[in-house]
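These two chains come separately, so use the hints to put the complex back together.
For the record, the sequence lines run as chains C and R. So the first sequence is numbered by the UniProt record's numbering: it starts at 1 and just counts up by one. So the second sequence is numbered by the UniProt record's numbering: it starts at 1 and just counts up by one.
These are computed hints drawn from the structure, not numbers from a lab. Quick reminder that beta carbons are idealized off the backbone N, C-alpha and C, glycines included. Take these hints with a grain of salt, some might be off.
So the derived label-pair ranges between C-beta atoms look like this [claimed, not checked]: (1) R263(C) - A141(R): 30 to 40 Å; (2) T254(C) - A141(R): 20 to 30 Å; (3) R337(C) - E46(R): 35 to 45 Å; (4) D214(C) - G56(R): 45 to 55 Å; (5) T425(C) - V179(R): 54 to 64 Å; (6) G84(R) - D218(C): 26 to 36 Å.
Covered stretches of chain R (in silico footprint by chain C; criterion: 3 or more residues with CB under 8 Å from a CB of chain C, positions within the stretch not fixed) [stated by the list, open to error]: (7) 45 to 56; (8) 82 to 93.
Derived pair list, reagent style SDA-like, types lysine to any residue, alpha-carbon separation capped at 20 Å [unchecked claim]: (9) K402(C) - D33(R); (10) K186(C) - G85(R); (11) K343(C) - Q355(C); (12) K487(C) - K158(R); (13) K402(C) - S44(R); (14) K402(C) - H433(C); (15) K190(C) - G89(R); (16) K386(C) - E357(C); (17) K402(C) - L29(R); (18) K83(C) - F443(C); (19) K158(R) - E260(C); (20) K36(C) - A486(C); (21) K487(C) - L157(R); (22) K464(C) - A438(C); (23) K83(C) - R503(C); (24) K402(C) - P45(R); (25) K158(R) - T254(C); (26) K190(C) - G85(R); (27) K158(R) - R257(C); (28) K158(R) - F255(C); (29) K186(C) - L69(R); (30) K402(C) - V48(R); (31) K487(C) - G160(R); (32) K341(C) - T254(C); (33) K464(C) - F439(C); (34) K36(C) - D55(C); (35) K158(R) - T258(C); (36) K158(R) - T264(C); (37) K190(C) - G84(R); (38) K323(C) - E469(C); (39) K158(R) - Q355(C); (40) K271(C) - D81(C).
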Amino acid sequence: MSEALSRRGFLGLGSAVGLAAAVGCGADGEAAAQPKSGGRLRAVYAGGGAKEVLDPHVQSLFVDIARHKALYEKLVELGPDLKPVPRLASKWEHDGTATTWRFSLRDATFHDGAKLVAEDVLFSLARIADPAVPERVAQSSLATLDLKRSKAIGPATVELVLTAPNAEFPALLAGIGTQIVRNGFKDPTKPIGTGAFKYTSFEAGRSLVAARFDDYWDGPARIEELQILSADAEARANAVQGGQAEYANDMTATFARTAEAGRTVKIVAAKASTMQAFVMKVDQAPFDNPDVRLAFKLLADRQRLVDVVLAGRGEVGNDLFGKGYQYYPAELPARERDVDKAKALLTKAGLVGKQVEIFTADASAGFVEAATLFAEQVAEAGVRLKVTTGSPQTYAKDLLTKGAIGNHRSGAMPIPQYVTDRLLTHSPFNVTHWRRPAFDAAFAAARATTDEAQRSAKYGALQKTLRDEGGILAWGLPDYLVAVSAKVQGVQAAPPNTLDQGRFDKVWLT
Amino acid sequence: MRTYAVQRGLLAIVQLAVLSVLVFVLTSLLPGDAADLRFTETLSPEQVARLRDELGLDQPAPERFVHWLGNVFSGNLGTSLISGGPVAGIVRNSIGATLVLTLATLAVVVPLAVALGIVMGTRENGRLDRTITSITLALSAIPDFVIAVVLVAVFALKLGWLPATWIGGDLLASPALLVLPVAVLFGRTVCLLSRQVRAGTITALNAEYVAQARRLGVPRRRLLLRHVLPNAAVPGIQELARTGDTLLGGVLVVEAIFAIPGFATALVDGVETRDIPVVQALTLTLAVAALLINLAADLTCNRLVPRTELLR
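Bound-form chain R, shown alone (with noise of 0.2 Å):
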C-alpha cells in the first residue's frame, strides 16, 4: 500500500509539471494579450502600448514562464493583469461557490446512482433495469443547457416555485437557489455513475466466490452488502473520478445559466480577456484538484480490493 501511495503521487508529480507548461503554452497561442483587449473604443493606442509596457507584456514568454514558476513555487500566484488585485483571492472567491455546487450535487447522485446500479445489477435485464436504463440513458444524452432552459422556463418562470437565477440572491439564506442547478448536473452524471456500480454489481454477482458464499447459506441482504457492494464500489469510484471532469463542463453550463459567479466562470473570464496569470492558476488549482481526487479514488480502490494490476 505504502510504496503504491509513493509511485502514484510521484506520477502526479510529473504530470503536473507537464499540465502547467502546456498551460503556458496554450495559453500564450491565444490571439492577443491582456493589453490587446483592452483596445477598445476607451483606451487610445498609445494608452494600450503603456499598458502593455506596465504589465511586462512585451517580455518573451519563456522568461515570464520562468518568473511565473518561480513565483508559484514561493507561494504567489501573481497579480490579475486585468483588476490588478492578487490572484490567489481571484480563486478563493470563485472556488466557493462551484465546491458548493459540486458537493450538493454529489451528495445527490452519489446514493442515488448507488442504489439504482445495485437495483439493476441484481435484476439484470429485467424490466426495472431497462426502464431504469432507458431513463437515466435519455437524462445524460440530452445536452446540459437544454435540460436547464427547460427547468427554468418550467419551475421557475412558468410555475414561479424555484428561483431562475443565483442573481443577488445569497446560498446560505436561500438553498433553494441549488435546487435546479443541481438538477442538471444531476442529469449528466447519474447514468455514467449507475451504470458501473451496475456492472460492478453483475461482475461481482457472477463471481465464483459469491456462488460459493450463496451456497453456504450467507443471507442475501448480508452477501449485496459484504461481498458485493465493495467489489462493484470499484468501477463506481472510479468513474466517480472520473465524473469530476464531466462535471466542470456542466459547472460550466450552470453557472453561466444560473449566474453563479464560480470557478468556470471566473475561468472563461480568464480566458477571454487574456489574464493569463489567473487563467493559470486556475488551471493549476483544478489540475491539482484532479490529480488528489483520482489519487484518492486509486487508494480507496486499492484498499476495497487490493490489486496490485489497478496501478496503471
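Chain C with its partners taken away, still in its complex shape (with noise of 0.2 Å):
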C-alpha cells in the first residue's frame, strides 16, 4: 500500500502547485494585448472516429458541437451562469403565460448571401422534430412545441407555440443541436449556416477546415482558417506543446500541471464547471432508507476525493448539480463530513458490517479511482462497498439498471434542463430512480411561474429537497480545461456547451 500513498502524496503537492499557477495563469491579464488580424487555427478536440457527423441535428460529440458552432448558428446560446443570451433572435418574449413566445430575428446573413428570415427558422424546428430520423438530438427536448400553430409573423419575427407552459423555452432553443439551418436545407455535406466561418472541407475522424466568413453579423473572426480536428488526449497533449496545434480542448489535470511548468502553453480553467457524484438508487436497498442515503453522503470526504480524483482542480461539490449558475440555492450550508453521526444512521439502518456493491466503469476520467477511495471513506463507518467495474462503452446505459450506487459526471446545462432530463418521474436519465408525483408536479408549476424571482425561490426549494433527501452525492466539480498556445489570445474561460466555449471568432494570433 506504500505505493498508493506515496502517489496520493504526490498527487497532493502537484495540486497544490498546480492551483496556485493557474490564479496567476488565465484568460484575462489578456484583454489588454490588441487583438490582430490572420492566421489559420488549430484546434483539437476528442474525435468520435466515424460518428463524428457534419448535420447540426446529429450531434453529442464536443467535437461536432465545436465544428456545427463555427458553421451554424442558434437563435439562443447560454451565458456563463447557463443563462440564455441572445444569438440569432435579437430578443424575446412571452404571451404572459409562457405558452406563446415571439422572437425577434437578427440582421444576419448565410453563407450563400440570403438573408435569415422566419421560414429558415421553422424549417429548422420542423427538421429536428422529423420523427423519421430520431437521431436528432433535440426531438425530446423540444417535444412540447407545436409546430402546427407556430408560425412567421413577418419575415423577421416568428411565433412559437408550445402545449403547456415553459418559461425555461429560450434554454430548451440554446440545447445541444438545435442550430439554424436554410429554408430547404437537404444535404448535410454541403453546410450553409449563418456561422462566423464558412464550410471549406470535412472528413470524420479527422478535421473540419472553414473560412474566415466576412458577412458575419457580429463582425468577421480574426483568424482567417480554422481547422477542428480530432485527437486522442495523448495526442492532443502532444499536438498543443509540439506546436502542431494552437488549442486542445479538455485537458487532464497531469498534463495541465506539466504543461503550466513550461512556456509554450496556457491552461484555460472555467472554474467548477461540471459535476462528479456517486449516484444512490432511491427505491432499492439499502438506498431506499433515507437514512443511508444521508449517511453516505455525511461519509465523502470531498476534498480528499477532489485533490485526489480531480488532482485539486476543481472545488467540494454540495449534493446538488449547478454550482454558480441560474437558479443554484448558493445559501444553502456546505455539507461537512461527520463519520460518527454517519455511523448512528447506518446503525440505526442495520448496514454496518454489511456489503454494498458500486458499479463503475472506466467511463470517464476518475471514476473508478473516486469509486475506489469512497469505498476506503465507507469502511470506515464499517459498511463494505465492493467496487465493481463493468464495460467503459455500454455505462451511460448500465448505470441506469445495474448496482445500487454507481458513478454520474454531468456536463455544464441549465438546472432546469438538469432536472427534466434526470429527476422526474418519466426523465430518460433517471439514475437515482428518484420518481415523486409532488416534486414533478411542484417542478412543472415552477416551470411555469413567469416571475423571476418566484421561480427561482420554488426551483430553490425543490433543489433543497433534492440535497437532504435525493439519491446525488455531488461531491465534486471539476474544472474543465482547455490548453492554448502562448501565441493564442482572447480564449475565454467558460464552462462547456456555453456561448464562450470553443469560440473562435473572437480569438486571435499574436
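So, in C-alpha cells, the structure goes:
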C-alpha cells in the first residue's frame, strides 16, 4: 500500500502547485493585448471516428458541437451562468403565460448571401422534429413545441407555440442540436449556415477546415482559417506542446500540471463548471432508506476526493448540480463530513458490517479512482463498498439498470434541464430512480411561473429537497481545462456547452 | 511448385471462412450494440429504440450473419451503423496511412535486419555479435508506448526537430512526420528479424555444402551471397511474414500516440461503437492481407529452397 500512499502524496503536492499557477494564469490578463488579424488556428478535440457528423441536428460529441458552432448558429445561446443570451434571436417575449413566444430575428446573412428569415427558423425546427430521423438529438427536449400552430409573423419575427407553459423555453432553444439551417436544407455535406466560418472541407474522424466569413453579423473573425481536428488525449497534449495545434480541448489535470511548468502552453480553466457524483438508487436497498443516503453523504471526504481524483482542479460539491448557474441555491450550507453521525444512522439502519456493491467503469476520467477511494471512506463507518467495474462503452445504459450505487458525471446545462432529464418520474436518465409525483408537479408549476424571482425561489426549494433526501452525492465540481498555445489570445474560460466555449470568432494569434 | 501453391491457397480459403464466423460470433458477444452505445445524454430511450429498429439490430444474429455473408460475396461490405456511409469507404480511407507506415518501416527494417543478421551470424558469439544482440534485445524489450513517449518528449517537445503528431499534417507534404512512428515500429521488429537471419546464417555456414564450397576455394563474398544468404533468408522471410502480426500491435499504439487516422484506429473505433459491419470488413481485410503475405512468404521460401517439408 505504500506505493498508493506515495502516489497520493505526490498528487496532493502537485495540485497545490497547480492551483497556485492557475490563479496567475487565466484569460483575464490578456485583455490589454491588441487584437491582430490573420492566420490559421488549429483546434484539437477528442475524436469520434466515423461517428463524427456534419449534420448540426445529429451531434453529440464535443468535436461535432465545436464544428457546427463555427458554421451554424442557434437562436439562443447560454451565458457563463447558463442563462439564455440572444444570438440569432435578438430578443424574445411571451404572452404572459409562457405558452406563446415571439422571437425577433437578427439581421444575419447565410454563407450563400441569403438573409435569415422566419421560414428558416420554422424549417429548422421541423427538420429537428422529423420522427423519421430518430438521431435528431433535440427531439425530446423540444417535444412540447407545437409546430402546426407556430408561424411567421413577418420576415424577422417568428411565433412559437408550446403545448404547455414553460418559462425555460429560450434555454431549450440553446440546447444541443438546435442550429438554424437554411429553409430547404437537405444535404448536410454542403453546410450553409450563418456562422463566423464557412465550410471548406470535412473528413469524419479527422478534420474540418473552414474559412472566415466576411459578412458575419457579429463582425468577421480575426483568424482567416479554422481547422478543427480529432485526436486522443495523448496526441492532443503532444500537438499543442509540439506546435501542431494552437488549441486543445478537455485536458487532464496531469497535463495541466506539466504544461504550466513550461512557457509554450497556457491552461484556460473554467472553474468548477462540471459535476462528479455518486448516484444512489432511492428505490433499491439499502438506499431506499433515507438515513442510509444521508449517512453516505456524510461519509464522503469531499476535499480528499477532489485532491486525489481531480488532482485538486475543482471544488467540493454540495450534493447539488449547477453551482454558479442561474437558480442555484447558493445559501445552502456546505455538507461537512461527520463519520460519527453517519455511523449512528447506519447502525440504526442495520447496515454496519454489511456489503454494498458500487457499479463503476472507466467511462470517464476518475470514475474508478473515485469509487475506490470512496469505498475506503465508507469503510470507516463499518460498511464494505465492493467496487465492480463494467464496460466503459455501455456504462451510460448500465448505470440505469445495474448496482444500487454508481458514478455519475454531468457537463454544464441549465438546472431546469438537468432536472427535466434526470429527476422527474419519466426522465430518460433518471439514474437515482427519484420518482415523486409531488416533486414533478411542483417542478412543472415552477417552470410555468413567469415571475423570475418567484420561479427561482420555487426551484431553490425543490433543490433543497433533493440535497437533503435525493440520491445524488455530488462530491466534486471539476474545472474544465483547455490548453492553448502561448500565441493564442482571447480564449475565454467558459463552461462547456456555453456560448464562449470553443468559440473561435473572437480569438487571435500574436 | 504448382500443387504446393494450390494446396496452400485452399488452406487459405478455409482459414478465411473460419475467421469470418469467429469474428461474427466474437463481436456478437460484446456487451451492448450500436444503438445501446448511442444511449447517452443526448438521445432518449424512445429515440434509441427507434434507432435499433431502423438499423435492423433487433433481428437474430444468425440472420444478420447470413445477410452479411451474402453481401460480402456480392462485393458489398455493407453500411456503417454509425455514419450510415459505405463500409468500403471507411476501409479504403483508413488503410492508406497504415500502409505507408508499414511499408516505410519495412523499408528501414528489412535491409538493416538482414545486414545485422549476417554480421552477427558470421561472427558467432564474437564481441560484435554480443553487442548487437544486447542492443536489439533491449530495444525489443521496451514497450512501444514507452519508446514513443520518450522519443516524442526528446525529439519533438524538447528539441523541436520533428513533429510530435500527424494532427493536421499531410504526409506527402512533410515526410518528417514518418520518422518517429517508424522509429518506434523499428524497435519492435528489428530484433526478432535479425535474430532469425543470424540463426539462418549460422546454420548455413556450418552446413556441409558450404564447407565443401569453401574447400573448393569459393571467395568469401561470393560464398556468403550465393550460398549462405538464400538459406539464411528462409527463416527471415517466414519471420517477416509473422512480423505482420507484431507490426499490427505496434501500429495500434503508434496510431494512437501520433494521432494517425489509420487501420488500427478505425478498428478500435469500430469495436468501441459496436459498428459491427466496419469491424467485420476491417478484420476480413486484415485476414486476407495476412493470408496473402504468409502465402507469398511460403511460396518465396519454396522457391528459394525447394523442399517439400516446408508445407506444414
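Item to check | K487(C) paired with L157(R) [C-alpha distance capped at 20 Å] | outcome: Holds, because 16 Å separates the two Cα atoms, which is no more than 20 Å.
Checklist entry - Is the Cα-Cα distance between K402(C) and V48(R) 20 Å or less? => result holds (19 Å)
Checklist entry - CB of R337(C) to CB of E46(R), is that within 35 to 45 Å? => result holds (41 Å)
Next on the checklist: Does R257(C) sit within 20 Å of K158(R), going by the straight-line distance between their CA atoms?
Outcome noted: Holds, at about 17 Å.
Checklist entry - Are K402(C) and H433(C) close enough, with their CA atoms no more than 20 Å apart? => result The hint holds at about 12 Å.
Checklist entry - Are the Cα positions of K158(R) and Q355(C) separated by 20 Å at most? => result violated (50 Å)
Checklist entry - Within 20 Å, alpha carbon to alpha carbon, are K402(C) and D33(R)? => result Answer holds: K402(C) to D33(R) is near 17 Å, not above 20 Å.
Item to check | Agreement of K186(C) and G85(R) with the hint, judged by alpha carbon distance not exceeding 20 Å | outcome: At roughly 16 Å apart (the allowed maximum being 20 Å), G85(R) and K186(C) satisfy the hint.
Checklist entry - For the pair supplied as a hint, K487(C) and K158(R), is the alpha-carbon distance within the 20 Å limit? => result Given that 20 Å is the threshold and the Cα spacing comes to 18 Å, the pair holds.
Item to check | Range hint 30 to 40 Å (beta carbons of R263(C) and A141(R)) holds or violated | outcome: holds (36 Å)
Checklist entry - Hey, K271(C) versus D81(C), does the alpha-carbon distance stay inside 20 Å? => result Holds: K271(C) and D81(C) sit about 12 Å apart, inside 20 Å.
Checklist entry - Does the structure keep K36(C) and A486(C) at a Cα separation of 20 Å or less? => result Holds, at roughly 15 Å.
Consistency with the previously given hints fails for numbers 29, 32, 34 and 39, ordered from lowest to highest.
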